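Colleague: Each protein sequence line maps, in turn, to chains Y and L.
Under numbering that gives the first Met the number 0, residues 0 to 322 are what the first sequence spells out, in order.
Under numbering that gives the first Met the number 0, residues 0 to 341 are what the second sequence spells out, in order.
Keep in mind that the hints were calculated from the coordinates and are not lab data.
The structure presented is a predicted model; accordingly, all values stated were derived computationally and were not measured.
Yeah, the Cβ is synthetic: ideal placement off N, Cα and C, and Gly gets one too.
A few of these clues could be false.
[As the list claims (entries may be wrong)] Simulated crosslink set (SDA-like; lysine to any residue; CA at most 20 Å straight-line):
#1 K138/Y / P337/L
#2 K126/Y / R101/Y
#3 K67/Y / H113/Y
#4 K194/Y / G27/Y
#5 K138/Y / G150/Y
#6 K138/Y / R338/L
#7 K166/Y / A75/Y
#8 K138/Y / R340/L
#9 K166/Y / K194/Y
[To be verified] Label pairs and their computed distance ranges (CB to CB):
#10 Y277/L / E65/Y: 53 to 59 Å
#11 L188/Y / S150/L: 35 to 41 Å
#12 E200/L / G73/Y: 53 to 59 Å
#13 R252/L / D270/Y: 35 to 41 Å
#14 A71/Y / R237/L: 24 to 30 Å
#15 A164/Y / T39/L: 54 to 60 Å
#16 A71/Y / P239/L: 23 to 29 Å
#17 T269/L / A164/Y: 39 to 45 Å
#18 S61/Y / V173/L: 54 to 60 Å
#19 R153/L / N315/Y: 55 to 61 Å
#20 L233/L / D135/Y: 36 to 42 Å
#21 R153/L / D270/Y: 30 to 36 Å
#22 R141/Y / V37/L: 33 to 39 Å
[As the list claims (entries may be wrong)] Sample of chain Y residues facing chain L (criterion: CB under 10 Å; computed from the structure):
#23 L50
#24 N52
#25 R78
#26 D91
#27 S95
#28 N97
#29 I100
#30 R101
#31 Q105
#32 P144
#33 H145
#34 Q146
#35 A160
Take a look at the letters that make up each chain.
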Amino acid sequence: MSGLSVGLQRRGVAIPLVHDVSLDVGAGERLGIVGESGSGKSLTMLAVMGLLNPPLCATGGSIVLEGKELLAGGDAALRRARGVAMGMIYQDPMTSLNPMIRIGTQVAEGLRAHGVGRDEARERSRKALIEVGLTDAHKVERLYPHQLSGGMRQRVMIASALVTAPKLLIADEPTTALDVTIQRQILRLVAKLQKERNMAVVWATHDLGVVAQFAHRVAVMYAGRVVEIAPTRSLFRQPEHPYSAALLGSLPSRATPGKARMNQIPGIPPDPTRLPVGCPFHPRCAQATQRCRVESPALTERRSGSMAACFVPPENWTRQNRP
Amino acid sequence: MAVIQSPSLQEKVFSQPRSRPHWRQVSTWMLAKVLRAVFTLIGVAVAVFIILRMIPGNQITASLGVSAGLLTAAQVRALDHFYGIGEPVTLQFWHWADGILHGNLGLSVQSGRTVTSLIGAALPVTVELAVLSMIIGLALGVGLGTVAAASPGRIGDWLGQAVALFGLGVPSFVIGSGLVAVLATVFHYFPSSRGYAPLGENPWLNFQQLIFPALTLGIGVAAAVLRTTRGAMLDISRLPFVRSATGKGLNRRAVVIRHILRNALVPIVTMSGIQFGYLLGGTVIVEQIFVLPGLGRLLLTAINEHDYAVAQGVTLVFAAGFVIVNIITDALYAVIDPRVRS
Numbered sequence: 000m001s002g003l004s005v006g007l008q009r010r011g012v013a014i015p016l017v018h019d020v021s022l023d024v025g026a027g028e029r030l031g032i033v034g035e036s037g038s039g040k041s042l043t044m045l046a047v048m049g050l051l052n053p054p055l056c057a058t059g060g061s062i063v064l065e066g067k068e069l070l071a072g073g074d075a076a077l078r079r080a081r082g083v084a085m086g087m088i089y090q091d092p093m094t095s096l097n098p099m100i101r102i103g104t105q106v107a108e109g110l111r112a113h114g115v116g117r118d119e120a121r122e123r124s125r126k127a128l129i130e131v132g133l134t135d136a137h138k139v140e141r142l143y144p145h146q147l148s149g150g151m152r153q154r155v156m157i158a159s160a161l162v163t164a165p166k167l168l169i170a171d172e173p174t175t176a177l178d179v180t181i182q183r184q185i186l187r188l189v190a191k192l193q194k195e196r197n198m199a200v201v202w203a204t205h206d207l208g209v210v211a212q213f214a215h216r217v218a219v220m221y222a223g224r225v226v227e228i229a230p231t232r233s234l235f236r237q238p239e240h241p242y243s244a245a246l247l248g249s250l251p252s253r254a255t256p257g258k259a260r261m262n263q264i265p266g267i268p269p270d271p272t273r274l275p276v277g278c279p280f281h282p283r284c285a286q287a288t289q290r291c292r293v294e295s296p297a298l299t300e301r302r303s304g305s306m307a308a309c310f311v312p313p314e315n316w317t318r319q320n321r322p
Numbered sequence: 000m001a002v003i004q005s006p007s008l009q010e011k012v013f014s015q016p017r018s019r020p021h022w023r024q025v026s027t028w029m030l031a032k033v034l035r036a037v038f039t040l041i042g043v044a045v046a047v048f049i050i051l052r053m054i055p056g057n058q059i060t061a062s063l064g065v066s067a068g069l070l071t072a073a074q075v076r077a078l079d080h081f082y083g084i085g086e087p088v089t090l091q092f093w094h095w096a097d098g099i100l101h102g103n104l105g106l107s108v109q110s111g112r113t114v115t116s117l118i119g120a121a122l123p124v125t126v127e128l129a130v131l132s133m134i135i136g137l138a139l140g141v142g143l144g145t146v147a148a149a150s151p152g153r154i155g156d157w158l159g160q161a162v163a164l165f166g167l168g169v170p171s172f173v174i175g176s177g178l179v180a181v182l183a184t185v186f187h188y189f190p191s192s193r194g195y196a197p198l199g200e201n202p203w204l205n206f207q208q209l210i211f212p213a214l215t216l217g218i219g220v221a222a223a224v225l226r227t228t229r230g231a232m233l234d235i236s237r238l239p240f241v242r243s244a245t246g247k248g249l250n251r252r253a254v255v256i257r258h259i260l261r262n263a264l265v266p267i268v269t270m271s272g273i274q275f276g277y278l279l280g281g282t283v284i285v286e287q288i289f290v291l292p293g294l295g296r297l298l299l300t301a302i303n304e305h306d307y308a309v310a311q312g313v314t315l316v317f318a319a320g321f322v323i324v325n326i327i328t329d330a331l332y333a334v335i336d337p338r339v340r341s
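Could you put the whole structure together from the sequences, leaning on the hints where they help?
Modeller: Here you go:
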């Protein structure tokens with residue numbers, strides 16, 4: 000994916016929400032995307048699937064999956080790619096299943112849409128349900144969504160995304176709506192399936208803990224831009240962008256127990272219709288210089304192997320806000 | 000000491016797969032519905048009985064007109080006795096109610112025939128008209144509503160909105176009279192001129208006689224159903240499961256029909272039930288305009304002639320029809336929505 004932009008079309012004027020995002024993910028790789036609410040994670044994921052609803056739409060850039068261009072390919076190409084090439088699991092398992100249709104039918108539906116016969120589709124969806132840990136699949140497939148718990152529903156969602164064996168799995172905060180133990184189970188499950196099938200997985204979350212456990216590489220998003228992409232280990236050891244550093248700094252740490260106040264990033268994320276001039280993070284950034292207020296930095300390669308969009312190298316940072 | 004064990008979470012989750020309701024549950028449900036229906040009908044019977052007697056005049060003035068004033072007191076008493084209106088009202092009601100329980104709805108004082116036989120002749124006409132109108136209304140309403148919801152703001156949507164505005168804004172007596180006028184003057188087409196043709200005898204002529212009144216009534220139903228369908232589908236199309244269905248690679252048609260329309264059925268059924276009530280009321284006017292010998296016409300004539308027994312009988316039949324449709328509507332909820340079943 001390169002140079003992807005998403006905008007909100009209103010009365011012919013596009014309000015940009017995602018700017019020039021370029022990401023790549025290879026087979027067998029797990030990419031994490033972190034950012035606050037409203038940083039454009041979900042919009043980016045949905046744009047890849049072609050699932051943006053008007054007035055939202057992708058306004059530029061290209062999405063290439065296995066050598067095929069998706070954004071320019073039209074609806075039919077996109078529809079064929081969904082399921083077969085890429086699948087997605089969503090934020091809210093409670094409302095992402097159709098309440099009127101039996102589980103088995105909903106899981107098999109994706110296969111049927113790509114020309115698989117009824118019996119084979121049923122057989123494969125049953126296998127998929129067993130694979131995601133719903134071992135009494137023959138029972139579950141006859142149930143309706145309201146008869147399942149949240150964790151079970153998210154497992155069903157995963158089964159229905161994976162039943163068509165996509166090469167790329169996109170997960171948009173799939174554990175946010177679940178409690179912590181179920182979160183961990185789901186995370187492990189996806190990790191296991193990813194390894195078995197050598198899939199590429201993109202996992203968007205605002206939970207750094209999930210990223211640390213799961214991702215090989217991490218992209219940090221802020222105000223609709225990617226501000227840093229780094230191998231997970233480098234990001235946690237040596238963040239190259241002040242925002243990443245601030246995010247890590249806001250984690251509760253075992254080193255400062257007791258009454259110590261949790262660090263927080265001052266200010267609020269900017270209104271996408273009134274982005275500040277220069278670097279969008281500069282009003283909240285402790286490292287901001289005169290240049291940051293005028294010019295917007297591009298992603299550049301760093302010695303650590305990371306890419307970051309910041310004018311100020313970490314060695315010049317002031318003490319404050321350092322992890 | 001007995002320890003009552005609460006079911007484990009596992010059991011709670013898995014005890015629900017009983018997706019078919021138990022027969023006993025269904026029969027209690029039916030019994031409750033039927034009981035309520037009976038009470039409704041009793042209420043209707045009392046109300047119509049009182050209201051009819053509040054209309055100024057009676058059978059005597061209806062049949063004799065102004066000359067009723069020339070009758071002597073003895074003549075009035077004799078006629079009162081003949082028409083059965085000399086007794087106190089409560090006693091009259093008692094006789095009527097007692098008759099109903101014995102399957103006897105009374106006698107039409109104007110035609111001398113039993114009310115049961117009059118209704119028996121008129122009911123098939125109205126049932127056919129109502130069913131045909133409902134089919135037209137639902138087909139147009141759900142069809143155009145789906146098209147409108149699938150492409151909001153496009154030509155199909157505008158067309159649907161125009162139909163809805165027309166159907167809701169123009170009363171059925173205007174549409175009906177207009178249709179009759181246009182058919183007669185422009186096309187010289189009078190399907191009803193040779194008298195009513197029952198469905199069993201001359202199906203083609205019967206269809207020609209019924210299709211225009213059915214259209215007149217159906218357009219009103221279509222308008223309301225269209226708006227409900229469009230609104231419900233637009234609301235539902237914003238729900239996350241529609242996105243996840245699209246994300247599976249389903250084509251637009253499958254998403255719209257299997258996922259969006261399927262979930263919109265509950266409000267559509269509700270609206271259809273309500274519209275059926277209006278439709279029954281509409282038959283009174285439309286049967287008059289298109290000269291159909293149905294229940295509506297029978298009712299109107301009976302009210303004009305102060306033929307109490309007929310008017311009461313027909314009203315009860317209308318009420319029963321509405322109550323039955325309500326029960327069907329409630330049963331349909333359970334068929335459509337698995338959440339209602341459990």
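Colleague: Evaluate the given range 35 to 41 Å for the C-beta pair formed by L188/Y and S150/L.
Modeller: holds, 39 Å
Colleague: Under the criterion of a CB-CB separation shorter than 10 Å, is H145/Y in contact with chain L as hinted?
Modeller: Constraint on H145/Y satisfied, holds at 5 Å.
Colleague: Taking the closest Cβ pair, is N97/Y under 10 Å from chain L?
Modeller: Check passed: Cβ of N97/Y comes within 5 Å of chain L, closer than 10 Å.
Colleague: Can you confirm whether the C-alpha distance between K166/Y and A75/Y stays at or below 20 Å?
Modeller: holds, 19 Å
Colleague: With a cut-off of 10 Å on the beta carbons, see whether I100/Y makes it to chain L.
Modeller: holds, 7 Å
Colleague: Holds or violated: K166/Y with K194/Y, Cα cutoff 20 Å?
Modeller: The given pair, whose Cα atoms are some 12 Å apart, holds under the 20 Å limit.
Colleague: Is K138/Y close enough to R338/L, meaning Cα to Cα at most 20 Å?
Modeller: Between K138/Y and R338/L the Cα gap is close to 18 Å, so the pair holds against 20 Å.
Colleague: Double-check D91/Y for me: the hint is only fine if its C-beta lies closer than 10 Å to a C-beta in chain L.
Modeller: Status holds, d = 6 Å.
Colleague: Using the nearest Cβ pair, does A160/Y come within less than 10 Å of chain L?
Modeller: holds, 8 Å
Colleague: At a threshold of 10 Å, is the proposed contact between P144/Y and chain L supported by beta-carbon distances?
Modeller: OK, holds: P144/Y within 10 Å of chain L, min 8 Å.
Colleague: Holds or violated: is there a CB of chain L closer than 10 Å to the CB of S95/Y?
Modeller: Where the cut-off is 10 Å and the nearest Cβ of chain L is about 4 Å from S95/Y, the hint holds.
Colleague: State, for the Cβ atoms of R153/L and D270/Y, whether the hinted interval 30 to 36 Å holds or is violated.
Modeller: holds, 33 Å
Consistency note: the structure conflicts with none of the earlier hints.
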